[in-house]
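2 protein chains.
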Amino acid sequence: MLKAEIIAIGSEMLTPFRSDTNSLYLTRTLEERGIRVVAKTIVGDDQKELVRALEVAFVRSGIIICTGGLGPTVDDLTREAVAEFLQVPLILDPELLQSIEFRFRERNLRMPEANRKQAMIPQGGTALPNHHGSAPGVYIAAREKQLFLLPGPPFEMEPMWERYCVARLPQDEPVYRQIFRIAMMPESRVDELLRPVTSELQETTYTILASVAEIEVHLLAPDRAREEAQHAAEKVRKILGNRIFTEGLERLEDVVGALLRKARRTLSVAESCTGGLLGHRITQVSGSSAYFERGVIVYSNLAKIEMLHVPEDMIARYGAVSAPVAITMAEQIRQISRTGLGVGVTGIAGPEGGTPEKPVGLVYVALADEKVTRVERYNFPGTRERIKFTASQAALNLLRLRLMEP
Amino acid sequence: MLKAEIIAIGSEMLTPFRSDTNSLYLTRTLEERGIRVVAKTIVGDDQKELVRALEVAFVRSGIIICTGGLGPTVDDLTREAVAEFLQVPLILDPELLQSIEFRFRERNLRMPEANRKQAMIPQGGTALPNHHGSAPGVYIAAREKQLFLLPGPPFEMEPMWERYCVARLPQDEPVYRQIFRIAMMPESRVDELLRPVTSELQETTYTILASVAEIEVHLLAPDRAREEAQHAAEKVRKILGNRIFTEGLERLEDVVGALLRKARRTLSVAESCTGGLLGHRITQVSGSSAYFERGVIVYSNLAKIEMLHVPEDMIARYGAVSAPVAITMAEQIRQISRTGLGVGVTGIAGPEGGTPEKPVGLVYVALADEKVTRVERYNFPGTRERIKFTASQAALNLLRLRLMEP
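Quick note, the sequences are listed as chains A and B, same order.
Each residue of the first sequence is one higher than the one before, starting from 3 at the first, in the numbering used here.
Each residue of the second sequence is one higher than the one before, starting from 3 at the first, in the numbering used here.
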């Protein structure tokens, strides 16, 4: 496999507050062409360290991508470091200077003298236009290696990479990657269920990645082993069935949105412990107004009583965090909103407010439609943030499963 | 300043799906002792590359911290790479073996043969106990450098670092760091306003970090320049005034929550384009039920009319995204909920739904209390996600400013 590596440049990425994220995007596009990232280095705005990173990279990899350090300030040293490392001069590109000046003129500004520096290119390099900022990129083929210098901000870097760099990359044997995303199952359970398949893989790599309330399974194979991987994927589908919510990169809310759209059904939600997060996730999907009618965040008992007609004595008897209250929330919001489906979520997000009978993490999720009302009880571990997210995930998954029924 | 660097080991961090986050935690604790992280390297489970990373690190830094690669599998090669690099043998530590065996016995399990490898320590090293997993850490002082080998999972790494490593670090001159966080101002404007102060700094480093709808300003100085930095901080306070929402690490919703609590006021919200995000952020704060009464997500026009009594002809005349509708939403939710404050947010989150008169990113935020009703109009750039977040930020900031008035 062809080897690439990424050098991220910027002192802010050596603070406790920022990390490099550009490399994730770059890695994805490299992988699509069968190119493997073998190392990532993060250095500050420090010419000496950048030269050292380039030395190591040129020994190791055929493709070297630097992000950052192309701005107009004295801290921006990528051009200088590359020129020093390759032992070539920096040369003013008059055409490039014009295009930078033009960018400023367009906005009725005079180009500050500092920006002149951005028109300097290490000899032998080609400028890469930046349509979203003043820092041009640079492409250099040197010592039988390919070197790309890209700006740091993702909204400048990504379009430049897509438009002016990807076509310059070699194409190695493509990699076959099959993804499965699973909601509401523990990692160890998925791993165990898949063991009969994964233990027999020869050339296919199996990876399981866990994030909050979501498991990703990856099968990765060189093109020659595609058949083995596809065969394994077929078995994974049989084992996990509808617990897989997507084989792509969609979020759970995208999948639920597509199902609602396809079935031409509408939705309303009544949230207590999720506090609006469920509505937020549903409305993260562009076009969600086609199916999402409204929601209520009934955080107080009074709000539950007034807005959803939850009987006061039901709360007194069972508590606000209970199956009857969740059911009433789902049925009432559905009725008030005249939507096809209604969802209710009530629970204890913590870290305060738990009792021995009703501990932090106890959550009830209910779903009502014209045929059935369902309620599920969960005990979620973790922080307030995690419990809220997992509760919203449970609600979306309950919706998904209901919408998939014939 | 003393120099440290971090090597993160693990092939998963070279995929498009995972990145190193341990280094942020480590950087924070190093900085507290005046130690500066000068580089970070991420390599796969590859002995040769790890040796190469160690070679570079030992040239550059006095403190080298490796995370990951200490597990029991053949992929876990950190011990082997360190032994190869230092040219020392791996030696079985019988006491360590016993403690690993004990961990398994405790859970009624037999230690798999593979875990024996975790009791092997490069000669000259000291084992660091792991109270949260089977992989012990290692500390080695060699070639006048300090080398720490730590496990990859944060919940194993962090306690080990805190308990067994921090005390071994040298203490350099402590660093003085002053943070300011500012909402709803463009980075360039903050930078410009502060130029008279920042251009005169001698020993203090000024950094400005921008994320969505939030700017962070850092003043960083060695202890000897503390006075200069404090003097500059005083000037920053004067220039930015109440546009600074915190000098700590609180989120804007934490600050608003504290103000509501202190003033013993209650809050309700009516959201359209934010779709629940505002409620979600308010309820991310533990104890928010003390002041957050309820919210409505009036996504459809019908919901606005039915739940908030927005007059139908007001929507027909001004549109659902308009100042009168935002005002009505804020006033009505406040009245219905009988809270001290009410907030209304309506806008076009996009990417569809914009018109020349009402483009994507147009957002109205209104606030009502017993004395005043205010409404603000914004044009936010960016994606749906960004517009939703910025709108929620604007609402929280409007609340904050109102609550700060005498």
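Hints were generated in silico from the structure; no laboratory data involved.
Hints are not guaranteed to be accurate.
Said to hold, decoys possible - Here are the computed distance ranges between Cβ atoms for each label pair: (1) B:Pro155 to A:Leu203: 46 to 56 Å; (2) B:Gln232 to A:Arg197: 55 to 65 Å; (3) B:Glu354 to A:Leu304: 31 to 41 Å; (4) B:Leu99 to A:Pro361: 36 to 46 Å; (5) A:Arg197 to B:Lys264: 49 to 59 Å; (6) B:Glu354 to A:Arg107: 41 to 51 Å; (7) A:Thr385 to B:Ala116: 46 to 56 Å; (8) A:Arg388 to B:Thr128: 34 to 44 Å; (9) A:Gly384 to B:Pro114: 47 to 57 Å.
To be verified - Okay, derived cross-link-like pairs now, PhoX-like style, lysine-lysine, Cα gap no bigger than 25 Å in a straight line: (10) A:Lys50 to A:Lys119; (11) A:Lys50 to B:Lys264; (12) A:Lys50 to A:Lys147; (13) B:Lys360 to B:Lys264; (14) B:Lys147 to A:Lys50; (15) A:Lys264 to A:Lys373; (16) B:Lys264 to B:Lys373; (17) A:Lys147 to A:Lys5; (18) B:Lys5 to B:Lys119; (19) A:Lys50 to B:Lys373; (20) B:Lys264 to A:Lys5; (21) B:Lys373 to B:Lys237; (22) A:Lys147 to B:Lys264.
Yeah, the Cβ is synthetic: ideal placement off N, Cα and C, and Gly gets one too.
Indicate whether the distance between the beta carbons of Arg197 of chain A and Lys264 of chain B respects the range 49 to 59 Å. holds, 55 Å
Range first: 31 to 41 Å. Now tell me if the beta carbons of Glu354 of chain B and Leu304 of chain A are that far apart. holds, 37 Å
Between Lys50 of chain A and Lys147 of chain A, is the straight-line Cα distance small enough, at 25 Å or below? The given pair, whose Cα atoms are some 21 Å apart, holds under the 25 Å limit.
Verify the proposed pairing of Lys50 of chain A with Lys119 of chain A, using a straight-line Cα cut of 25 Å. With Cα atoms ~19 Å apart, Lys50 of chain A and Lys119 of chain A stay inside 25 Å; holds.
CB-CB spacing for Arg197 of chain A and Gln232 of chain B relative to the 55 to 65 Å hint: holds, 60 Å
Next pair to validate is Lys50 of chain A with Lys373 of chain B; report whether the Cα-Cα distance is within 25 Å. Judged against 25 Å, a Cα distance of about 61 Å means the pair is violated.
Arg107 of chain A and Glu354 of chain B - C-beta distance against the hinted 41 to 51 Å: violated, 33 Å
Does the Cβ pair Thr385 of chain A, Ala116 of chain B satisfy 46 to 56 Å? violated, 33 Å
Given the range 34 to 44 Å, decide if the beta-carbon distance of Arg388 of chain A to Thr128 of chain B lies inside it. Holds, at about 35 Å.
Are the Cα positions of Lys147 of chain A and Lys264 of chain B separated by 25 Å at most? violated, 62 Å
If you draw a straight line from the CA of Lys264 of chain A to the CA of Lys373 of chain A, is it 25 Å or shorter? Holds, at roughly 19 Å.
25 Å Cα cutoff - pair Lys360 of chain B, Lys264 of chain B: violated, 39 Å
Checked against the numbered hints given earlier, the structure breaks hints 1, 6, 7, 9, 11, 13, 18, 19, 20, 21 and 22 and satisfies all the rest.
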